[in-house]
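Using the sequences plus the hints, can you model the full thing?
Residue numbers are given in UniProt numbering: position 56 of the sequence shown equals residue 56, and the series is strictly consecutive.
No lab work stands behind these hints: they were computed from the structure. Just to be clear, a hint being listed does not mean it is correct.
What the hints assert, rightly or not - Taking lysine-lysine pairs in the DSSO-like style, the calculated list, with each CA pair at most 30 Å apart, reads:
1) 112 / 72
2) 203 / 155
3) 149 / 72
Stated by the list, open to error - Quick list of the computed label-pair ranges, beta carbon to beta carbon:
4) 242 / 102: 54 to 62 Å
5) 155 / 179: 19 to 27 Å
6) 84 / 219: 51 to 59 Å
7) 217 / 98: 34 to 42 Å
8) 242 / 214: 43 to 51 Å
9) 200 / 87: 17 to 25 Å
10) 73 / 207: 27 to 35 Å
11) 108 / 169: 21 to 29 Å
12) 242 / 152: 49 to 57 Å
13) 72 / 155: 15 to 23 Å
14) 242 / 104: 55 to 63 Å
Heads up, the beta-carbon is just placed ideally off N, CA and C, and yes, glycines get one too.
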Amino acid sequence: MDVIEDEKSKDVYEALQDLYGNILDKERHTSAKMTCEKNVNLSLEPRNEKYLEFLRFQSDIHDTPVRLAAWKALTNARVLELLPPLESCFGEAEGYLQPIEDNAEIIEAYVKSWTSGALDRAASRGSIAYVLVLHHLSHFIFHSSTGDKLLLRNKLVRSLLRDFSLKQHHEAMLLNLIQYEEKASSQTTNLKDDLQLYSNINKRLEVLTEGCEQNSSLLNELVIDGKGKLGFLTGEAKKPGENDPKLKTWRSENAMVTAWLINSMDYSIGKPFLFLPTAKAVEMPYERPIPT
Numbered sequence: 001m002d003v004i005e006d007e008k009s010k011d012v013y014e015a016l017q018d019l020y021g022n023i024l025d026k027e028r029h030t031s032a033k034m035t036c037e038k039n040v041n042l043s044l045e046p047r048n049e050k051y052l053e054f055l056r057f058q059s060d061i062h063d064t065p066v067r068l069a070a071w072k073a074l075t076n077a078r079v080l081e082l083l084p085p086l087e088s089c090f091g092e093a094e095g096y097l098q099p100i101e102d103n104a105e106i107i108e109a110y111v112k113s114w115t116s117g118a119l120d121r122a123a124s125r126g127s128i129a130y131v132l133v134l135h136h137l138s139h140f141i142f143h144s145s146t147g148d149k150l151l152l153r154n155k156l157v158r159s160l161l162r163d164f165s166l167k168q169h170h171e172a173m174l175l176n177l178i179q180y181e182e183k184a185s186s187q188t189t190n191l192k193d194d195l196q197l198y199s200n201i202n203k204r205l206e207v208l209t210e211g212c213e214q215n216s217s218l219l220n221e222l223v224i225d226g227k228g229k230l231g232f233l234t235g236e237a238k239k240p241g242e243n244d245p246k247l248k249t250w251r252s253e254n255a256m257v258t259a260w261l262i263n264s265m266d267y268s269i270g271k272p273f274l275f276l277p278t279a280k281a282v283e284m285p286y287e288r289p290i291p292t
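What follows is the structure, encoded as structure tokens:
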């Protein structure tokens, strides 16, 4: 902690971090190449001693007890926000975000950091600590919670929603979790990507609803009540006027759409509804402001 907080030591620490990131990327690519070659040629050859030492070091720092202890130390010291943004790290993103975390203790530690407020400043500063939590919680809650993991998933969902009900300033963090998608190599998006994103959001809200396990107070956090809650609204989208540019995207007299409330029913906040068309509806995402 003293190293991170001291300005002079922090510069040295950052330089070492960059160096390690560079080495990690090179060895990761080398390891992948060696794996491919090994599949072709099963004969074992003597490996470079330094390479083996690096793999041992990498294995040690990725050991579950070590990672858990390091995360708890950073959380307890309230210094998660001092870790740099992912884009400022020297190594490639994959080296920091992979493999996907599946250890229950570490997943629970991430949620405790979230609900305790230890992640607040890390979130506002875009620290890699916050991205790490979003990445692994999103995958665990929305993609891999089956069988014996289901109980833990529901427990974590209830913790996050209970936290949201008590701390409205955590709304943006929860929305980021629901919307989180790992950045693709290409930053360009198209209509298909947009529609898939909205579809994913709907499915994730359903997962959160299931996680409430019929707890009425938590379910209330997932319905539109005019006070900045999350939720759905299904209804009929009115046909645009004859001179409205959006008319050309209209394809049905009774287009049923799913509206996802981003922030609040209060129009003064300036947040619009985002509509996801059904097969009968418009071909493009259709926006209209909340009626006054």
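Hints versus structure:
The suggested pairing of residue 112 with residue 72 holds, with an alpha-carbon distance near 10 Å, which does not exceed 30 Å. Between residue 203 and residue 155, the direct Cα distance comes to roughly 18 Å. Compliance with the 30 Å bound is thereby established for this hinted pair. With a C-alpha separation of about 22 Å, the suggested pairing of residue 149 with residue 72 holds against the 30 Å cut-off. A C-beta distance of roughly 56 Å is found between residue 242 and residue 102, which places it inside the suggested range of 54 to 62 Å.
A beta carbon spacing of about 22 Å between residue 155 and residue 179 agrees with the range 19 to 27 Å that was offered as a hint. Taking 51 to 59 Å as the suggested C-beta distance range, the pair residue 84 and residue 219 does not conform, at roughly 38 Å. A C-beta distance of roughly 37 Å is found between residue 217 and residue 98, which places it inside the suggested range of 34 to 42 Å. Taking the beta carbon of each, residue 242 and residue 214 are about 48 Å apart, inside 43 to 51 Å as hinted.
At about 23 Å, the beta-carbon gap between residue 200 and residue 87 stays in the expected band of 17 to 25 Å. For the hinted restraint 27 to 35 Å between residue 73 and residue 207, the CB-CB distance of approximately 31 Å keeps it satisfied. Taken as a hint, the range 21 to 29 Å holds for the pair residue 108 and residue 169, whose Cβ atoms sit roughly 22 Å apart. As the Cβ distance of residue 242 to residue 152 is approximately 55 Å, the hint placing it in 49 to 57 Å holds.
The beta-carbon spacing between residue 72 and residue 155, approximately 19 Å, falls within the hinted interval of 15 to 23 Å. Taken as a hint, the range 55 to 63 Å holds for the pair residue 242 and residue 104, whose Cβ atoms sit roughly 58 Å apart.
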